[in-house]
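Asks: Each chain is listed here by its residues.
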Amino acid sequence: MPVWGYTINNNNQIDFDLKDLKIFDRLSCSEPSIKLCIGCGTCAGVCSTGNYTQFSLRKIISLISRGEIYNLSEELSKCMLCGKCSLVCPRGINTRNLITNARLVLKELQIEVD
Amino acid sequence: MKFDLFVIPFLIGFNFLLLYLITKFTLWILSLTSEEKIKLRKHIFSFSLFKSLREINQEVLLHRKIFKSNLLLGYMHMSLALGWFLLILIGNLQVKFFSPYPFNPPYYPIFLKFFEPNPPSYPFDKGFNFIMDLSLLLVLSGVFLAWIKRYKSSLFGIKKPTIHTRGDKFAIITLWFIFPIRLLAESLSASIYNNGSFLTGTMGHILGSFLPAGIFLYAAWWAYSLVLGSFFLALPFSRYLHIPVEPLLIILRNAGIKAKKEINTFAQLEINACSRCGICIDACPLSSTNNTKDIQPTYFLRNVRYGIQDSNVINNCLMCGRCNTFCPVGIDSTEIRLAKRIEQNRNTSSNYDFIPINKPAKTEVLYFAGCMTHLTPSIKKSMTKILDASNISWGFLDKEGSICCGRPLLLAGQLESARALIDKNASIINSSGSKILVTSCPICYKAFKEEYKLDIEVLHHSQFILRLIEEKKIFVNKSVQSYVYHDPCELGRNSGIYSEPRKIINHSAHLINSALEKEKSLCCGGSIGNILLTSAQKMQIASEVFHEIDSEKADALITGCPLCKRTFSSVTEKPVLDIAQLVASNLIKTLGAETKGISKKKTDIEVYSRTL
Chain A
3 MPVWGYTINN NNQIDFDLKD LKIFDRLSCS EPSIKLCIGC GTCAGVCSTG NYTQFSLRKI
63 ISLISRGEIY NLSEELSKCM LCGKCSLVCP RGINTRNLIT NARLVLKELQ IEVD
Chain B
157 MKFDLFVIPF LIGFNFLLLY LITKFTLWIL SLTSEEKIKL RKHIFSFSLF KSLREINQEV
217 LLHRKIFKSN LLLGYMHMSL ALGWFLLILI GNLQVKFFSP YPFNPPYYPI FLKFFEPNPP
277 SYPFDKGFNF IMDLSLLLVL SGVFLAWIKR YKSSLFGIKK PTIHTRGDKF AIITLWFIFP
337 IRLLAESLSA SIYNNGSFLT GTMGHILGSF LPAGIFLYAA WWAYSLVLGS FFLALPFSRY
397 LHIPVEPLLI ILRNAGIKAK KEINTFAQLE INACSRCGIC IDACPLSSTN NTKDIQPTYF
457 LRNVRYGIQD SNVINNCLMC GRCNTFCPVG IDSTEIRLAK RIEQNRNTSS NYDFIPINKP
517 AKTEVLYFAG CMTHLTPSIK KSMTKILDAS NISWGFLDKE GSICCGRPLL LAGQLESARA
577 LIDKNASIIN SSGSKILVTS CPICYKAFKE EYKLDIEVLH HSQFILRLIE EKKIFVNKSV
637 QSYVYHDPCE LGRNSGIYSE PRKIINHSAH LINSALEKEK SLCCGGSIGN ILLTSAQKMQ
697 IASEVFHEID SEKADALITG CPLCKRTFSS VTEKPVLDIA QLVASNLIKT LGAETKGISK
757 KKTDIEVYSR TL
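Residue numbers (my numbering), protein chains in the order written: chain A, 3 to 116; chain B, 157 to 768.
Wrong hints could be hidden among the right ones.
Stated by the list, open to error - The calculated DSS-like cross-link candidates involving lysine-lysine, where the alpha carbons are at most 30 Å apart (straight line), are: (1) Lys61(A) to Lys555(B); (2) Lys609(B) to Lys80(A); (3) Lys221(B) to Lys198(B).
To be verified - A short, non-exhaustive set of chain A residues, derived as facing chain B with CB atoms under 8 Å: (4) Val48; (5) Thr55; (6) Gly94; (7) Asn99.
To be verified - Estimated spans, in silico, between C-beta atoms of each pair: (8) Ile10(A) to Lys414(B): 56 to 66 Å; (9) Gly43(A) to Ile513(B): 25 to 35 Å; (10) Leu175(B) to Pro34(A): 50 to 60 Å; (11) Ile513(B) to Glu76(A): 15 to 25 Å.
In short, the hints are calculated from the structure, not lab data.
Glycine is no exception: its CB is placed at the ideal position from the N, C-alpha and C atoms.
With these hints in hand, go ahead and build the complete structure from the sequences.
Replies: What follows is the structure in structure tokens.
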């Protein structure tokens, strides 16, 4: 309970039983630039959707690369694909293709893990 | 009725083609929606049909558009089309003049010199023979050029010709040999009977001097019938289907029928009307700057026509529409590509419930910056300055954060998601009750204009600023600097706004013309239409395009699109400015609220601004 503005973080350890790198592997084939992400968060900073929600591409990429893909398709469906993130990315990640492909891959794998 | 066995190959080809075309055309016309059928009927039974006939004459026979792009290429197409048309027309007329029967089999005029090698004299016989020879010469000159073009296409202004399929190559080869063999057969006939006009007669004399014409005669006519028959058999499955389809396409286009985000009948016609001439390959910015030469409309439409699914070909396109400007058939391949993208993404939907619907305050002008403008704050600030100076009541629609207009989603083929955003935005904009919606982003402008059904007038900021200047709501200095203007694809080619930004530049500075302007302008590479290009590729395109349009004399490059501005800025040291920035920096400030109503002062400043 954030009584003094502090809270206890959720457990960030990776559970290898739940870790599913299938999406990351497929995505790194269709959009290899995903591997370039340094997690700087500029994308999340300019994001139009992030202005209204907790949506963050930085978070999504790090979740995908850690194999934690719960709620991902719901989260990705908030993206407006406007492309601001791709313009500001210091690593030149093709974010629009990344998001489009992530949605495709998720659908292919039919991952609806809650 | 005259008959010989050798006409059978021709008859097979001819009848097959006729049946195929009748079935195909009937199916196409039947598959039009009832609304489109009414449009077509109205068009056919009105004077506007003459407009279509004129266009058919200009484009299908004379090939005016190809003449405009390259003289030699135009002549080649014109000579083949017009020459062949004349051969058919005059040949049939000629038969009418001396045949005792009112109707003759279709092969009769074609093989006339075989069936009637030495006809009794009939009215205008010399004239007919002369015109027939002249038409044949015209076609042969075209065939000769076509041969040369295969080996040296650069002479015809084509840097990169289309790589054809085997079927197309077969059709091309049969076409190459139809007329030389016709010349041979007719010359041999002329040589035996010692007649023929200037071409067949002379050729006959020459051939007769060293060839036993009688032996080769029959074989030559067989060969003629065979190649003609094979060409007709190959035509429906090859690029040459464009010959019969193009006239129908022109009529439907003039009737006001369009392709609408799906592969409808009109799109089908466009797909079949593509002649795969390859003019679009050279027109494509991806081919000239990025060396991508396999995704252009010629290949894309071929894939669609033969049902080949290749998502790279569909998606690797800037959607700048430059190919459509150059297409001699006038195919809007961008629309078909969009339809294919939508087809690909049919089952993706999004959830934008999080977007708050806040009713904006009622103001005269509503300003929508757009996502890209939020990334180029200088434009936003300039627009704020201009709007404040104009003394108009205005509201900043997306000041607190932009909502995308939906066009990026649409261009990616996600129609449903785009619709969801469009509905959200439209309800916000319509609830404002404002009169004018101004946007700084041509992408948003095009979306507002075409996808939204808005009750208020939509203007791009270049149109709006020009209106402010012309209505004397703002005043600008004319500086001594010179600028080159780059036409953004979405503003210029895709929305038809060319003159307004130029007028603004002329009001406040000196405009330098560039060779690649207006509809010939190149895409900066930053287009949101292409999701496959890596940022390195985009930069490469941007830098090459910048060097193409840049001029030594220019102090800066001016554009009307925040995305173009951003893309070019990253490849050059030279300033890249938006129209709004130019105006804002040349604004005469004294005309604020304090001078309003003081007419004398106002006129002084007008005189001052004119003398500058």
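Asks: Compare the structure with each hint and give your call.
Replies: Outcome of the hint check:
| no. | hint | verdict |
| --- | --- | --- |
| 1 | Lys61(A) to Lys555(B) | holds (26 Å) |
| 2 | Lys609(B) to Lys80(A) | holds (24 Å) |
| 3 | Lys221(B) to Lys198(B) | holds (27 Å) |
| 4 | Val48 | holds (7 Å) |
| 5 | Thr55 | holds (5 Å) |
| 6 | Gly94 | holds (3 Å) |
| 7 | Asn99 | holds (4 Å) |
| 8 | Ile10(A) to Lys414(B): 56 to 66 Å | holds (60 Å) |
| 9 | Gly43(A) to Ile513(B): 25 to 35 Å | holds (29 Å) |
| 10 | Leu175(B) to Pro34(A): 50 to 60 Å | holds (52 Å) |
| 11 | Ile513(B) to Glu76(A): 15 to 25 Å | holds (21 Å) |
Every hint, counting from the list given before, is met by this structure.
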